[in-house]
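Sequences are here, hints too, so could you generate the full structure?
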Amino acid sequence: MDVLGDNRGPWEVYETELPSSSCCDPGWSISPEEQLSLDHLLVLKEAFTCCTPSDRKPGDGGHSRTVQREEGGGGRGRGGRGAEGDEGMTLKEFRDVLSPVIGSDSQAGWIEQFYKEVDITCVGSVAWGDLCGYLLQQARERDLSSIPRGALLDTEPLITHCSHNKQEPTTRVVAVPHPPPFRYISVSKGGLLTVWNSRLHILKTLELVGDPTEEGANRRRFRGWTTDAVHMPNVHKVAIATSSRDIHFVDVSTASCFEEVHLFGFRNVPTALCYSCDIKAPGRRSLLLWGDERGGVHLLWFLLPLSGLFESPFSEANGPQKIYMQDLGDHSHLVSYQHLPSIHQEPINRVLFDPHTDLIMTSSGSDESSVVIMDASLKRNPYIWNIMKGVQCFDYSRPLGLLVTGGLDPAVRLWNRFVPSRPVATLEGHGTTVVDLAFYQPLAQVLSYSKDAEVRVWDISSHRCLRTLHLQFPCLQPGHSPEYGNFPFLLVTPPLPSLTPPHLLVSCKDFLALLRLGERGKGGDMERIGGGGWREAGGVRQLQHTPFSCALYNPTLRQVVTGSNDSTVLVWDVATGAWLMTISNAHGEEEVTCMALDSSHRRLITASTNGTIKVWNLLNGHNLHKLEPVTSSEVTGIICLYDNQLLAVGWSQQIVQYDITGAKDVCVKADMSWKSGRIHKADIQALAHCPALGVVATASHDGEIIVWAMDTQRPLVRLRRNPQSGVAPPVENLLFLQARAGARQWRSTAVLVSSQDAWICFWSIAGHTHTQGEFRPSAPAGEVLCLTSDQDSSLLVSGDRSGYVKLWDISQYALAITLQPTSACPPLLRSWRAHQGALVSLELLQEDPDALFLLTASGDGSARLWTGEGVCLGTFGLDAHWDLQHPDTYHGSWHQETTVTEKGDEGEVQSEKDQSGSNEVRGQLGDLVSQGQTSQEEDQGEAAPRRTQTHILSPPPASSPEDLDQRNLTGVVSTSENLAQTQKTKGCVCRGVYGDLRRKAAVRWERRRVFGDIDVNKLSLVGGVCTPYQALVLQDYQEVPLTEDLPISPWMQCHSPRSPSEAGLSSLQLSITSSDQEPETAT
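In this note's numbering, the protein residues as written are 210 to 1292.
It is worth saying that the hints were derived from the structure and are not from the lab. Cβ atoms here follow ideal geometry from the backbone N, Cα and C, with glycine treated the same way. Careful: at least some of the hints might be erroneous.
Said to hold, decoys possible - Restricting the straight-line Cα-Cα distance to at most 16 Å, the calculated cross-link-like pairs of lysine to aspartate or glutamate (EDC-like) are:
(1) Lys835 to Glu221
(2) Lys660 to Asp618
(3) Lys598 to Glu555
(4) Lys531 to Glu520
(5) Lys531 to Glu469
To be verified - Ranges of calculated distance between the beta carbons of each label pair, as one might list FRET restraints:
(6) Asn625 to Glu255: 41 to 51 Å
(7) Ser671 to Glu221: 16 to 26 Å
(8) His672 to Met919: 45 to 55 Å
(9) Thr225 to Asp487: 43 to 53 Å
(10) Ser462 to Pro608: 24 to 34 Å
(11) Gln376 to Leu609: 31 to 41 Å
The structure is reproduced here in structure tokens:
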């Protein structure tokens, strides 16, 4: 349990997370702002003002609406009622007012949908205040959606340590895309070059050669500091400037980098480098610029770069070619040199060159010449910026015609290229000195980096800070500012090699951080990954395989809602499988762990791993409420009671209440009055509600189930299964059989079902014997994760970790109260493998008494709809649309079918033959749905024939998830050869998806063992049991074996710390005598 500290407000997590956004299918959603004008609003206001109870005709329902509103609290999740005495309008009155002013009767459907969105809690009337609150929220959501997304995609970037830097800062990092593979080269302040691959793994290190004027061994040792480095792509070299007044040219054309040329003997120290060349014509002349410590600019033109940078006479000496700067005239055939002195009064810290306009741009810390833009030919007057305290860094964007600067003050300033007198905008937000910045032109944004390791993303058009990221470098210490190199940024943007996305590399002392950047899609919008794997770019949607974490069915709106690990919520039409709406970043970047519907089924409640809970409008995707988090730990279950009272449970080990009935504010406070503190000793994993009995059941990670009375909020019954191994597995799911609980004659029987590991248990919450039945599903079976039942409580559906779905006939199971629980399995009606991954959600959909459908969602990134006979209607977001009323539109069963024989209670499975299509699947499920019960005659007596059932096995794996789903939907039946090949290639399916799931499970297990500031993984055992309250966090240590001939005295042995190897210490021979012992005399 990670309790929020006193120095951290409970609402801070909402302020720091990524803002959510929603997009709807244009044919399904409405846009009031496109239909309503100011004149229409004036007409509505007048109609609301004149609408009184006396205006209504008798029998119009006005009195009943008033009573209903008073009983419901009169509140609405968005804004509450209007002025006192305002009764509001019914749907008929609302339609009568709007129809004449907005159009013909063709708009009736739009008006009804609009009315439902305003009357989100189904009160039956809409007041003027409700309408105004809805329109204001619509405008707010529109403004938020118009804000562009920040370029940074990572919240936890890849951070690596430059161990070869010897704790010296990294001066510059350059990217070397050609020749492949893609590499980085970091240059430390001490002159050490480190070559990295694209994943920041070290490939090679190289040290610069020392001063050639020194003698002896010191000649090979570099003694200065590096000041800057630049990549020369057309000649595959890296130029490095140092404080020794020289430039080193390192060849990077091969994997074995080596120093080729050493140009030394400068009059001043080069402080900043810049290189310009034509990539399309590498043989044309190129330019190397550098600024020096006295404010001068030097231009070195390479006339024939492909023929060589300098003349290379034959020499037998090893090492780089050494060229004295005063002898540069000997290389006039290949180089041309120019010096522009005294451009600044202080050392130049940045230099840029624009080859399209031949402009040289330099900056310094001088107030009088902070930035200078001048023509390389000096034929035009320069532009000079005078900025208080000078400039530490700047960047220039020629397409935008803008200049951005950062200095000792924390402000970032945007300038017009031709107007140095005043900035276009001042971007404030940093708290310390800005050490580097850059334009990110694909999204028209600015990236800035301050001395406190804070990266900010700014939108150029709106001057708004889109994203703030605090990099958690290990070298950061409170109260101390780390040492930075002169150029901490490396922005890698297109054109790039294939499969290399744009990214940002940031340095801090001897650490590097890699951050991914977004890019603009073909349609002009930034590409983004949505939940369930929706990749949206330029209006084109493609299904990626993002694992689902939860799903539910909305019977009122006939929608399926799925939640994903990437914090995205998707809404689908169950009748056709069409996509309706996407809510991106519902909880920032945290996983959506559970969902529930409110009493009206028009609002969706979602919870996440960071303790946040939100309420959404399912008609338009607006965020209506944010509920107060009591901890920053995971919420595992949430239910909505009949009066819109919410109960939430999770790793906080408590039951938290929320009231959203009359909530007028966006933020809703938590009610901690439920007497659940310290009742559960472990994290709560599951939650279930039984309205007929007035109880709530919770289950924890230690296997304990507690049934609570709703009226007294106190425990009624504690249930725990006796494990054979001595350690109780966690309870994964709870399910109340509502039909049994609602019937008086069955209330004392098994009304509660739980799943633990691979066992399904039936519990009675009345009487003395609570365990009424438990069984383990027959193979193939794994850990049971999901349970659901039909309305009559005669059918139980279970889903396991292997993706199998099993349908059980429980109409007669555990109905007799016995002293000993039954261990027999109920009749198994049908079984098939619905997904390749673990099932995360199951729900039965009964559209009519004769039609039963099953919704399944899995961690493999797919959600499917099935008939009760195991026929797949299709996969949401992947297949063509279907029609529930027309079976010929179903995509059919994609699995391989075999006839299975079940013998006795063991569920013995025997494969006999292969079936060829889903139309041949036969079983007892159809009779069960139509008649509500199954015949038990075949199970009685030894002479009774064995019942044959049709089980469905897993499909053969495909080479990719896309191929898998395409193959599944064709209904291909494999031969015996295909079955053999299936067994060989089964382990190759979706390795990437399952690898992510395993890593995610490991991370969640580590998080479970962290209690506030105490990490259980680092605790030393105190006695037999260790808890966070018995020991503090200790440093990691390891046992060091001691050699047998280690000299040790008795005093050292007595006063040394005790350790697990104490027995070994006692057995050591003593070779040193103590001072209090008499020395032996020689004989």
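Inset, instruction - Take the C-alpha atoms of lysine 531 and glutamate 469, compute the straight-line distance between them, and say whether it is at most 16 Å. - result: holds (9 Å)
Legend entry - Distance restraint evaluation - glutamine 376, leucine 609, Cβ atoms, bounds 31 to 41 Å: holds (40 Å)
Inset, instruction - Would you check the hint for lysine 835 and glutamate 221, treating anything up to 16 Å between C-alpha atoms as holding? - result: It holds: about 12 Å lies between the C-alpha atoms, which stays within 16 Å.
Legend entry - Outcome for the supplied range 41 to 51 Å, where the beta carbon pair is asparagine 625 and glutamate 255: holds (49 Å)
Inset, instruction - Can you let me know if the beta-carbon spacing of serine 671 and glutamate 221 is within 16 to 26 Å? - result: At 25 Å between Cβs, range holds.
Inset, instruction - Kindly confirm whether 43 to 53 Å is satisfied by the beta carbon distance between threonine 225 and aspartate 487. - result: holds (45 Å)
Legend entry - Pair hint lysine 531 and glutamate 520, alpha-carbon separation not exceeding 16 Å: Given pair lysine 531, glutamate 520 holds - Cα atoms ~11 Å apart, limit 16 Å.
Legend entry - methionine 919 and histidine 672 - C-beta distance against the hinted 45 to 55 Å: holds (53 Å)
Inset, instruction - Quickly compare the C-alpha distance for lysine 660 and aspartate 618 to 16 Å and report which way the hint goes. - result: holds (11 Å)
Inset, instruction - For serine 462 and proline 608, compare the CB-CB distance with the range 24 to 34 Å and indicate the outcome. - result: holds (32 Å)
Inset, instruction - Assess, step by step, whether the Cα of lysine 598 is no farther than 16 Å from the Cα of glutamate 555, and give holds or violated. - result: Holds. Lysine 598 to glutamate 555 sits at ~12 Å (cutoff 16 Å).
Checked against the numbered hints above, the structure violates none of them.
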